[in-house]
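Numbering (the numbering used here), first residue to last: 2 to 124.
No lab work stands behind these hints, which were simulated from the structure alone. Each residue gets a CB set at the ideal place from its N, CA and C atoms; glycine is no exception. Please note: incorrect hints may appear among the correct ones.
Said to hold, decoys possible - Only pairs whose alpha carbons sit at most 25 angstroms apart, straight line, appear in this in silico SDA-like list of lysine to any residue:
no. : residue 1 : residue 2
1   : Lys64     : Asn45
2   : Lys103    : Ala61
3   : Lys106    : Thr82
4   : Lys121    : Ser111
5   : Lys71     : Asn118
6   : Lys121    : Tyr109
7   : Lys71     : Gly81
8   : Lys64     : Val74
9   : Lys71     : Ala61
10  : Lys64     : Ile78
11  : Lys65     : Asn91
Stated by the list, open to error - Distance windows between CB atoms, simulated:
no. : residue 1 : residue 2 : range
12  : Ser92     : Leu14     : 53 to 61 angstroms
13  : Asn45     : Leu13     : 23 to 31 angstroms
14  : His36     : Lys65     : 17 to 25 angstroms
15  : Leu13     : Ser44     : 46 to 54 angstroms
16  : Val120    : Thr54     : 22 to 30 angstroms
17  : Thr54     : Lys121    : 54 to 62 angstroms
18  : Asp52     : Pro8      : 35 to 43 angstroms
19  : Gly114    : Thr82     : 52 to 60 angstroms
20  : Leu13     : Asp39     : 23 to 31 angstroms
21  : Thr54     : Ser92     : 32 to 40 angstroms
22  : Gln62     : Thr107    : 22 to 30 angstroms
23  : Val63     : Val120    : 22 to 30 angstroms
24  : Gly16     : Asn91     : 28 to 36 angstroms
25  : Val69     : Leu6      : 15 to 23 angstroms
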Amino acid sequence: MKEKLYPVVVLLLIGALLVFAFFNNGRSYFILELHGMDDLEISNIIVEGPDFTTGFYMTAQVKKEMSVFKINVDSPINEGTATITINIDNSSPLVLSNMPFKNGKTIYISLSGGNLNYVKAHW
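Please take these sequences and the hints and turn them into a complete structure.
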């Protein structure tokens, strides 16, 4: 009986793995890309979502190596909204609330008139 059941279990397992691979894009992060902030002395960036909080500290070495502010933000949920806070040396923080995100996609944030702006992406 076990010999007959073994191929069925293997086929079901393979089928489950294929279904999982098909529906899972393999990315549990989204990319946050910041524009128009080259002249700011950013000390850190905090991204708060419904089930996560992530912080990035901008050291002198990191600032020197980054030509574009692109950050991978890990997220345990596929999509939702988040709040981004950019702390700047000797200035008040810049905050953008209710920023929509989707794992595997790039979120574009620009600085205009002293305010952070979400650039709507076409997902």
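Query raised in the report: Against the structure shown, which of the earlier numbered hints fail to hold, in ascending order?
Result: Violated hints (numbers, rising): 2, 10, 13, 17, 19, 20, 21, 24, 25; every other hint is consistent with the structure.
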